[in-house]
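> As a plain string of letters, each chain reads:
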Amino acid sequence: MNTGTPHEPYRRAAIIINPNGLHMRPATTFAQLAAGVASDIIVWHGEKRANGKSLWDLIGLCALRGTELIVEADGPDAEVVVGQLVAILASPGDPD
Amino acid sequence: METKHGIKASPGIAIGPALVLDTEGVRIPRRTVPPEQVPGELARLQVAIHRATADSRAREQEMTTRLGKDIGKIFASHALLLSDQALRYDIEMLIKAESYSAEYAVSRCIRARVKGLDDTGNEIAIRIRADFIDVEKQLLHVLLGEHPESPDALTQAVIILAHDLTPSETAIFNTKTVQGFATESGGPTSHTAILAEALSIPAVVGLGKLLADVSGGDIVIIDGDAGVVIIEPDEETLARYLERMQSKADAPARYEELRDTESVTKDGVHVELLGNIEFPTEAAACIEKGAGGVGLYRTEFLYVNKTGDPTEEEHYAAYREVVAILGPTRPVIIRTLDLGADKFSPATRGIQEKNPFLGLRSVRLCLQNRPLFKTQLRAILRASVFGDLRIMFPMVSTILELRQCLSLLREVEEDLHDAGIDYKPNVPVGTMIEVPSAAIMADVLAKQVSFFSLGTNDLVQYTLAADRDNETVANLYSPVDPSVLRLIHMVSQAGSRQGIPVNVCGEMSGEPVYTALLLGLGIRDLSATPRKIPEIKHVIRSLTIPEAERVAQDALQMETARDVASYLRGHLRRFLPELAE
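These protein sequence lines map, in sequence, to chains A and B.
With our numbering as the guide, the letters of the first sequence map in order to residues 1 to 96.
With our numbering as the guide, the letters of the second sequence map in order to residues 1001 to 1581.
These are computed hints drawn from the structure, not numbers from a lab.
Treat the hints with care, as some may be off.
Chain B regions said to be covered by chain A (calculated; three or more residues, Cβ under 8 Å) [claimed, not checked]:
no. : segment
1   : 1071-1077
2   : 1082-1088
3   : 1111-1119
A short list of chain B residues far from chain A (calculated; beta carbon distances all over 10 Å) [unchecked claim]:
no. : residue
4   : Ile1128
5   : Leu1207
6   : Phe1386
Keep in mind the model is a prediction, meaning the values are calculated, not measured.
Glycine residues also receive a C-beta, built at the ideal position from the N, C-alpha and C atoms.
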């Protein structure tokens, strides 16, 4: 915007390995974390996109085990946040 | 008499008169409104969302206090959904575009999403269906000014029968009056089923057409152990179930008496019986259930869902808390970090591994992140001053790894010594045996440590190369596969030749059906989830070592897991029939 380098969103892929897919529990953990960060969060499942701060959207992705999702963050904390969010998606069990 | 077969949702037996709940009947009086009323509908929606969210938050608090964080989280999800901006946007669009009433728009919007998920036919749909319907009903109840039909005010014991029950409907059951429930739809993994188990209400779901065959007041038996519902049982069936209920009811009281008795076999051999815990708050349960100490203190809770790695002081506080509860003499075995790289640390988060279970996890990860590992070891050594703490390394697969762990521990001791910080030297150190390579090399590893702990869950998974959560291969996963029995036997013998104890801390040690086998294989240390300890102590006190050895010898001769499992069940049935269910 102002000083040279254009703003680039961070993107990272994650494969769902939780045997139950992206169900209520991990999606809740994801949405809660995403809702608390400054960056905008988008989760892509192929062409389908979900607002990462929305549990409604995330469940609607219907991401089963083995699905590859792309997490995209745009904002000042994007780099850190993407890593944390991907870790939730790539967790083999239910978080916490 | 009519017997219906459904899906087991929550174990136990309940008998009582039926109360048929109409949980489907939310009638929506108006589908559309005149265009000038659209702003009014939007305002009603906003108020309803606000109130329903507040109700869910209150329920989250209440259920967290009553049944713990896991159950509370179900309602945290509901609150999050209710206040979801995207959901609200979708509903508002329907009101604006179609002049729908707020309640019709809510119903249309949520039902369309449920249908979309149902059409995929996958397991996510089955799991979340009840939650979405729950959220819909909560909004409709507020919008229509109705109160959900609540069996809360009942004075008489009943069995609830319904088409379906949402988690919220189940949560408000008074467990004094609601003895059990059965539903026509629903699956075993839904939040409703999970709640039923947490509330200790026997339940069967997925029965198909049921309500048409029952009238209120009919006597109904819910057999949550078998997934069966019996309507108007004949006398013989009723008598049989009453007897089973009675013997189940007597069991806990009988085991309570065992709390202060020694864990010793009939022929006088002491068996160390310890508890597995995940959080410091569970330590009290070990003592309450009569455990001799903590045989497995998992420490992953310190790492997950954190933005940074835990500090030394956080570790120290968590260990001190448990030592304070267990006292200075009961042993507490702390397992160092046992997680995959993908799961926690900011330093390694997002490492993509094709096969995480064969990847950088547990001690492998710790050895590549020494500061992280040293922080934990320092805290354990400092906390050891106050009690009998012991250290256990998970997922060691070679002697070199074990040596590295031990030399790192010595470095930490030296650092503490040089800094003049109080710590206990020579804390007993053990290694987990959960990788087949470690089991095979147990005689070599035994020379380096003070004890072994067999993590049977992982040992089974790695020995048979089968993930038990993968339903297509789960049939291969059995803790009594002959290959696993031979490994346990080898490790037990290696330990006894070296004179070090071998503990079993997997789920196997909490199942009464395996106790005789494990003792017969030479195991004298068991660590199980605290609630299982009284039962296991009962089995130990009923056995003699020669009998256990006979069981183990027989089992070691068998060629398939199925043969061993059925042999062990048969033995338990003859020997302690009340535990053989």
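> Flag every earlier hint the structure violates by its number, smallest first.
4
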